Amino acid sequence: MANQAMPFSRSEMLPPEPPPGSAVGVVGWLRANLFSSIGNSILTILALALIWLVLSHVWPWLAHAVWNADSYAQCRQIIADTWGPDAGGACLAVIRERWKQFMFGFYPIEAYWRPTLAFILMFVALAPILFSALPRKMLWFSLIFPGLAYWLLWGGSIFVPIVIYAGFAAGWLGFHLGARASAAFVAPLLAAVFALVWWFFIASPLINLLPDIGLMPVQSKQFGGFMLSVTIGVTGIAFSLPLGVLLALGRRSDLVFVKAICVGFIEFIRGVPLIALLLVASFLLNIFMPPGTNFDIILRVIIMVTLFSAAYMAEVIRGGLAALPRGQYEGADALGLNFWQATRLVIMPQALKISIPGIVNTFIGLFKDTTLVAIIGLLDPIGLITSIRANAAWNGMVWELYGFVAVLFFVCCFGMSKYSQYLERKLRTDHR
Amino acid sequence: MSEPHPLDASDLEPVHPDRLKVSDQVAIQIIEMNKWYGQFHVLRDINLTVNRGERIVIAGPSGSGKSTLIRCVNRLEEHQKGKIIVDGTELTSDLKNIDKIRSEVGMVFQHFNLFPHLTILENCTLAPIWVRKVPKKEAEETAMHFLRKVKIPEQANKYPGQLSGGQQQRVAIARSLCMKPRIMLFDEPTSALDPEMIKEVLDTMIELAEEGMTMLCVTHEMGFAQAVANRVIFMDQGQIVEQNEPREFFNNPRNERTKLFLSQILGH
Numbered sequence: 001m002a003n004q005a006m007p008f009s010r011s012e013m014l015p016p017e018p019p020p021g022s023a024v025g026v027v028g029w030l031r032a033n034l035f036s037s038i039g040n041s042i043l044t045i046l047a048l049a050l051i052w053l054v055l056s057h058v059w060p061w062l063a064h065a066v067w068n069a070d071s072y073a074q075c076r077q078i079i080a081d082t083w084g085p086d087a088g089g090a091c092l093a094v095i096r097e098r099w100k101q102f103m104f105g106f107y108p109i110e111a112y113w114r115p116t117l118a119f120i121l122m123f124v125a126l127a128p129i130l131f132s133a134l135p136r137k138m139l140w141f142s143l144i145f146p147g148l149a150y151w152l153l154w155g156g157s158i159f160v161p162i163v164i165y166a167g168f169a170a171g172w173l174g175f176h177l178g179a180r181a182s183a184a185f186v187a188p189l190l191a192a193v194f195a196l197v198w199w200f201f202i203a204s205p206l207i208n209l210l211p212d213i214g215l216m217p218v219q220s221k222q223f224g225g226f227m228l229s230v231t232i233g234v235t236g237i238a239f240s241l242p243l244g245v246l247l248a249l250g251r252r253s254d255l256v257f258v259k260a261i262c263v264g265f266i267e268f269i270r271g272v273p274l275i276a277l278l279l280v281a282s283f284l285l286n287i288f289m290p291p292g293t294n295f296d297i298i299l300r301v302i303i304m305v306t307l308f309s310a311a312y313m314a315e316v317i318r319g320g321l322a323a324l325p326r327g328q329y330e331g332a333d334a335l336g337l338n339f340w341q342a343t344r345l346v347i348m349p350q351a352l353k354i355s356i357p358g359i360v361n362t363f364i365g366l367f368k369d370t371t372l373v374a375i376i377g378l379l380d381p382i383g384l385i386t387s388i389r390a391n392a393a394w395n396g397m398v399w400e401l402y403g404f405v406a407v408l409f410f411v412c413c414f415g416m417s418k419y420s421q422y423l424e425r426k427l428r429t430d431h432r
Numbered sequence: 001m002s003e004p005h006p007l008d009a010s011d012l013e014p015v016h017p018d019r020l021k022v023s024d025q026v027a028i029q030i031i032e033m034n035k036w037y038g039q040f041h042v043l044r045d046i047n048l049t050v051n052r053g054e055r056i057v058i059a060g061p062s063g064s065g066k067s068t069l070i071r072c073v074n075r076l077e078e079h080q081k082g083k084i085i086v087d088g089t090e091l092t093s094d095l096k097n098i099d100k101i102r103s104e105v106g107m108v109f110q111h112f113n114l115f116p117h118l119t120i121l122e123n124c125t126l127a128p129i130w131v132r133k134v135p136k137k138e139a140e141e142t143a144m145h146f147l148r149k150v151k152i153p154e155q156a157n158k159y160p161g162q163l164s165g166g167q168q169q170r171v172a173i174a175r176s177l178c179m180k181p182r183i184m185l186f187d188e189p190t191s192a193l194d195p196e197m198i199k200e201v202l203d204t205m206i207e208l209a210e211e212g213m214t215m216l217c218v219t220h221e222m223g224f225a226q227a228v229a230n231r232v233i234f235m236d237q238g239q240i241v242e243q244n245e246p247r248e249f250f251n252n253p254r255n256e257r258t259k260l261f262l263s264q265i266l267g268h
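First to last, the protein sequences are chains A and C. The opening residue of the first sequence carries number 1 in the UniProt record's numbering; numbering runs sequentially from there. The opening residue of the second sequence carries number 1 in the UniProt record's numbering; numbering runs sequentially from there.
Don't read these hints as lab results, they were simulated from the structure. A quick note: this is a predicted structure, and the numbers were derived from the prediction, not measured. Please note that the accuracy of each hint is not assured.
[What the hints assert, rightly or not] Here are the computed distance ranges between Cβ atoms for each label pair:
| # | chain 1 | residue 1 | chain 2 | residue 2 | range |
| --- | --- | --- | --- | --- | --- |
| 1 | C | 80 | A | 196 | 36 to 44 Å |
| 2 | A | 276 | C | 34 | 47 to 55 Å |
| 3 | C | 162 | A | 96 | 49 to 57 Å |
| 4 | C | 162 | A | 29 | 24 to 32 Å |
| 5 | C | 237 | A | 327 | 23 to 31 Å |
| 6 | C | 195 | A | 272 | 53 to 61 Å |
| 7 | C | 195 | A | 8 | 17 to 25 Å |
[Unchecked claim] Derived EDC-like pairs: lysine to aspartate or glutamate, alpha-carbon spacing no greater than 20 Å straight-line:
| # | chain 1 | residue 1 | chain 2 | residue 2 |
| --- | --- | --- | --- | --- |
| 8 | C | 151 | C | 87 |
| 9 | A | 426 | C | 122 |
| 10 | C | 100 | A | 17 |
Note that beta-carbon positions come from the ideal geometry of N, C-alpha and C, so glycine has one too.
One chain only, chain C, in its complex shape (with noise of 0.2 Å):
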């Protein structure tokens, strides 16, 4: 087999396996679900359970839906069939609802969606202050806490305009974390990075994964997704085409789509 692109598993941190464990609570079920943007079908009989701890990469060409995927599961996205249960609370219209699971549930996006108009250390305070109702001084230490975790407590007073990508990235990773999410989700998170700043990245997901972290991350970076994914999923035309463990994934792919996948992004 070649060797992935653009980042090797190698070049990462090795992860002790006794420390990537996983619970048998579920964290995330997806049953049956169905998704249509008008009459195009976007999504076609997901099943998926998530287990508390457990790390899944999601892979496919673009269009193939596994964007749409995530964000179901925090309803940025609404599907109009089949249940998405999360931690328990299945995912209605009701607003209540919805608004408990996304604080439950942290999401970091492709282009990072930070506030431009807040600094970083406002960034990561917000939602603890208004929607968890923590005590400002108590929600900046925290914050505090988890930029010095992605290590970079000396940007607190910035803008987010005054960061690079890499950085910017870290602190909206960091934000999510102020919220003590029980899983988190991340959308390409980089995708939209430089290379040299895609490391940085990768390094602080890791770690998270390390802490047990439940974790949904569509990524194109395999080196990533050998080095902590306890299970991959491989998606095309809106449906989940096979998931296997990391290893037998890229060794012994088993499905023609996912073959002609790996070749087209390992291959070269």
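Next comes chain A alone, as it looks inside the complex (with noise of 0.2 Å):
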């Protein structure tokens, strides 16, 4: 092969080889990722001194709590006898003090069981929903859970949520009957007619028909601390991923009066702060619904961060939506398949898929704002805090009592926040 330009066939094929030692394994690693550049070492020092310098103030302070005391002061006598003078410590008493408050408020004591069983039997319905693998049976589970649970935490007649779950199949026999129309629409307007007339005008006297066999009720004032959080945030994170698939469908809509509306709503929802809206239904609702109706505050403040957040959880799915090609609605239209056929099994799958990020970013969103319902006076986690800094004992605590509520908060959202990374690795079809 003397020259370059001859022809050339090769008569075997080169076998792959291992790449070379410095690219794999922990020094690879290291070099790659942490010392590839000059700048980037230096970034890497000046990243490990910051990591020293808060742990270096921080783990002192874990390191010297104190669980058994009982007023601020006499948390901090103790770390000085032990410590000496000038040491700091965490006066953790607090929070063991008033653990019981900060899970359940002024929930009755002989009821804690309650709240607790609804607790652990909703990872028992989420599981189905956020598992594939289980069996799908489970599912009814979850579908019976949102009545289950009200029942167990407000308490009061079993047939309240029979009679409001009976709603559903009137709107199920609704849809089903104006599934025969041509309009695609026709469908879902007659299974919210019907389940609407069931809930306004069959629901209630039924109930009074009905005995009163139950647990006993539980106002909604005596709610409070994470089990309020949870309550409000679960709820409304339940109900907002529907209503802002409908919303989203529904601005996409060819039906200009469906358009408007969900266009409307959207936009004035997002226009407004979710202070004013809980303002308005802890105050201002009160005043247009007829006297003596005792519309109950905290279904309020959820029916208010539900719609909250449905806007928000609109226009991220809308932005799934308007990523999909056009050849997905063509591709399912032309095998025949109807309007909702081609939403629930072609389009939403894959659009809720792109919108996961945003999806979840919504219900961390949510969940972290149930917490201004304080300022409307319940007694969620910061309400309490404030009662607690009211007390003599422990006037003047800061970092114990907010670190606290954000260490609770933080596991919940960094939880959902896995999740939704999980899911999205599951769901990765399209490059494998």
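Put the complex together from the two separate chains, hints included.
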């Protein structure tokens, strides 16, 4: 082969070889990620110094923590006696003393088992929704759970949730009657009418007819603490997603009237601060209600939080819908799937997958926004802190209380974030 | 005449003329059909009758309205004037009629339009299960039958993203066939494929033609047109400019526009 320009034909193909040693293993990783250049190395060292600085302050504070004390003054005394007069330390005794309040607010002590049971059952209900490997039959429990949780938390007659559920059956009946019509919007419209008629005109007299068998009723004003945050947060999350899906579909609808309502709703809600909506829920709604109606405050807050998040959710999902190529709609149409089938089986699974980061973002935002209810006087963890700090024994405490609530919320929100990452990985079917 | 390019008719399996029988039953009838995009007059006075078992290739420069024409046949596009009658049912704005026609008319797209979140098998069973209400097991058997037919049964549990373009297009054909359509529409089925994969898709289409499927294909594969078409239609500026049986069409084009087009796509 003297001449480079000679015709050439490979007689055998080259086998694959492992990469050189400097690119793999711990050394390879360190070199690639921490010390790839001088600038990168400086940043690595600065970051390590910063981590050291934070830990060197936080660690002793936590290590000196006092769990047994009756007041903030006593805490400081114990820390000074044990670690010297200049030592700082966390007074976690307040968390210990007020633990039950942080969890349940002023819920009756003899009924603590009810929110606890509801909390545990919540995970059973969530499991089949979050993990598709679990048997699909478990979803029936997920459907029953909201009514069951309502009954456990607020008590009262068992027939209240049952009659409310019957409204969904009425809606289902309406949908099936409407599905025979040729226009696609008739079915959901009839479903809504049937369900609303049931809830507004039939449910209440029916409940009065049925016997009052059930648990001791608990007033909404006795709710508080973390339990209140979870109740508002989880309900808001559960309802804002489907509502957001409907709003997003409505905003893209060809039906001018439906579209106008959805656009108006979304833009109005997004333009108003959540605090304003909560204040409306707290003070103004009662003025507009007929005298004598007792529209539960937690229910009002849940409705406002749900509507608020649903508007954001709708925009997130609209982004997912817009990202789908037109070919997906055409592919579904060309197979003869009708609008609702195409939406449910082809469009939404993909649009929701694209929107997962945005959806979870909205969920996390909603969950943290539940602390705003402290402003209208509900005793969520933040509201409780204000009352604890007003107590002479714990006057002046800041870090321990807010830090504890921060950790509680962080655990929940980080969990959601981790789950969303898992879900994104699991649903990645395109480039494997 | 110069050789067709890139695929020669002699590359493809020859089809015995007796196997390509056309009945005198009408499958699609388009009468005086017109369509506008806003002010733009895309389709002008289209008249076309397709008999059952007939295989028609529609050719023409880009923007001539050939894709729009076949997309009107299953109402992916709406026409504003004239009539389209598919399988005896006229296309109007009645959604029930549209869904019925769509379930009888299969369509294969340039970009496959498989559903990326479903496996190949699920892609094929989705419409039979939900539109035809076929039991899942039966739908899966049918799907496997057609996947074997397009020669990729072993890919059934993979996702579309894991397949090559040619394989995806064959799945798309199988997916349409699972609905047991009476008419198949092809909208440039090989235009997005690498040259190596065009033949495998065309072979599948030829096999379909041999079984007597009514086919309406928009394609630039003139070799395919010569091998299987009963009729070639040439469109330009939203109008049917010329139609003839393929031999005459290629050897004796009459319209100047047709001659120019053929010399451009075949002349190198």
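Now the hints, each set against the structure:
no. : hint                       : in the structure
1   : C:80 to A:196: 36 to 44 Å  : holds (39 Å)
2   : A:276 to C:34: 47 to 55 Å  : holds (54 Å)
3   : C:162 to A:96: 49 to 57 Å  : holds (55 Å)
4   : C:162 to A:29: 24 to 32 Å  : holds (29 Å)
5   : C:237 to A:327: 23 to 31 Å : holds (26 Å)
6   : C:195 to A:272: 53 to 61 Å : holds (58 Å)
7   : C:195 to A:8: 17 to 25 Å   : holds (24 Å)
8   : C:151 to C:87              : violated (30 Å)
9   : A:426 to C:122             : holds (17 Å)
10  : C:100 to A:17              : violated (57 Å)
In summary, the structure is inconsistent with hints 8, 10 from the numbered list given earlier, while agreeing with the others.
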